[in-house]
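Peer 1: Residues per chain are reported as follows:
Number of protein chains: 2
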Amino acid sequence: MPSQVSSKQILFTRGVPAVEALPNKLLSECMQAVLEGPDAKGILQYGHNGGYLPLRQLISEQYHVSPDQVLVGNGSLHLQDILAGFLVKPGDVVFVEQPSYDRAIKTFRRRGAKVIGIPLDLDGINLTALEESIAEKKPVFLYVIPDFQNPAGVTTSAKKRQALVDLAERYDFWLVEDVPYRTLRYAGESLPLLRDLNSERVVTVSSYSKLISPAIRVGYLVGPLALVKQLTKLAEETILAPVLPTQAAVVEFHRRGFFETNLNNLKQLYAPRLQAVVQAVKTYLPEVPFAEPEGGFFVSITLPQSYHTADLLARAKQAGLLLTDGRDFFADPYAPTVDATQGERFVRLPFCALTPEQLEAGVQRLANLVCK
Amino acid sequence: MPSQVSSKQILFTRGVPAVEALPNKLLSECMQAVLEGPDAKGILQYGHNGGYLPLRQLISEQYHVSPDQVLVGNGSLHLQDILAGFLVKPGDVVFVEQPSYDRAIKTFRRRGAKVIGIPLDLDGINLTALEESIAEKKPVFLYVIPDFQNPAGVTTSAKKRQALVDLAERYDFWLVEDVPYRTLRYAGESLPLLRDLNSERVVTVSSYSKLISPAIRVGYLVGPLALVKQLTKLAEETILAPVLPTQAAVVEFHRRGFFETNLNNLKQLYAPRLQAVVQAVKTYLPEVPFAEPEGGFFVSITLPQSYHTADLLARAKQAGLLLTDGRDFFADPYAPTVDATQGERFVRLPFCALTPEQLEAGVQRLANLVCK
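Chains as they are written, first to last, in the UniProt record's numbering: chain H, 1 to 372; chain X, 1 to 372.
Source of the hints: derived by calculation from the structure; they are not laboratory data.
Some hints could be false.
Calculated cross-link-like contacts (lysine to any residue; reagent style SDA-like; alpha-carbon spacing at most 20 Å) [to be verified]:
hint, chain 1, residue 1, chain 2, residue 2
1, H, 229, X, 39
2, H, 25, X, 36
3, H, 114, X, 237
4, X, 159, X, 16
5, X, 25, H, 26
6, X, 41, H, 259
7, H, 25, X, 159
8, H, 25, X, 33
9, H, 233, X, 106
10, X, 41, H, 18
11, H, 267, X, 45
12, H, 233, X, 325
13, H, 41, X, 344
14, H, 89, X, 109
15, H, 41, X, 21
16, H, 41, X, 11
17, X, 138, X, 163
18, H, 25, X, 109
Because the structure is a prediction, the values reported are computed rather than measured.
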């Protein structure tokens, strides 16, 4: 019943996990086990550069690589920062999907890259636009979020995944695939990772922020051995050593079978929330096309030009609806291929931390603001 | 009895805490308390940019500043990296004591600074050399470790502390004081921090690596409000959010009174080790002058030119003695003020993770290698 929540503020601002789903008791049990277990002294001392070795082993088994191809860092943004710091040289260009994760765009820019946004269609990046941009200037890497993209909710199709690795091979650039939401699939089947199609051209970045807890800050990167070796050296030079107790707790979380049960809990909690937001968009904004995701954290919509979107953020706030500025997700909002108002008309709807009732009320409130 | 350990390898390579002193049981108790306490969900969610607020409050009380003047990061090197990333512009010069902490030198260089080493006397940096270097080119900051310096063990005298802040004020540069060892004083009285003499010119960096555990990676920075605000923004852009469970455990460690008892345990363990290494140097290398520290982790010696130091690292290794290359601590080994062999003749003796017997045997072994 939307009426129950209509007077309260609804936050569509951040892609955070539902607070009730954070497994504090399970983590407490794991922390106790590792801090009183046989390796307790080891996980409090300097060491394990590149990340706690048992965690790197666990990840390496999941990705069928050697543990030396895994670097564990303080969340995936930390690893993207290190990666950009290593790969980007002055004058380099980096491509991102447009829209894309705002913090990644900022990070690549701060590391000196010119960041070019390539339009994202409902089935993945627009290949014609990508080839045109490559012809103009080859990127050092293309950053993609192939599963349940942040912010658009788009999943790159199998055909486009193959096309991306083919292009990366032909034109000699890196693909950086960021897959933090991939495991949170509420329906359908997973498509291959880009690294499954070409492990030599692809760096895979992911984290446990959405699967266990954001504040443990455990993210990881998987890539070719020579690259990971260099990145590990750079990580050592910037943060010296990994945070080991949290990384050891993640290993224990798997050993005790908590990872699977927790993942199932998350899916049971989030799946109806996804359904609720999708249903609300279909009900209250029936003319708005959008990618209907099968997992992840985000549904996003681009409001038609005929809708009343001027000054939307401020009007929404007054109506008790907090939105993120859609323009933040656009690296390149004034490129010739992009309608300059597209960013303003882009609305991200993170659904995991809101109840179905809040989601319905929020979308209804949005519709009231934009439908003339 | 040195004979007990004479056949085993002795590691004088890294300034790490004694593994037996790592308080794993106490930390386990703290972790359990915070992960099952009233803020358990909060410390697993995104938030607390700049560091866990109760920890910033605790530190701010110790330093008599506002919590907004404290930034908590993943160890102090992480904060030095952020600080250098923010302050250093192309062409900038950074001064360090010579010798100084090798990783800090590397970090400042990687952030684009030209790093100049200013000779360190037994009572702190050589002021004449410092003024000459300032006249040549003013640094963006001078990095000093005023208490029980790494690697030299030197403590900057009260007079020189005052001179440093006077120079920083007169010539308009920052002082970055790194004080991770300050609390580990085994004798004598603490001198004022540089920030006690001029809080507007000084950035203080420290950590719990030597006081609780290195692998929790909790370091902090204290500085003027406007600067800390900018650094907090940069931290957020690179690591997004802090590791909260470890930071919350540090707060709990204080609340339960563990910090004081643990500190006393460390002092009781380390004080006889310092005595042992000092006594061994006086016994086996009686002609070698060195700064006799009243705390910290390091005693260091510069072997006279007449000693047999050629190929020392390899010969030491063969004799079961692992040493760090002294040249790594010299930012500027070929400056006109420095004898080019000084780095080669410089030997750091970290004493905390070795028993008094190992320390005596190690110094004796070293003496056998270098005394002709």
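Peer 1: Of the hints given before, which are not true for this structure?
Peer 2: 1, 4, 7, 13, 18
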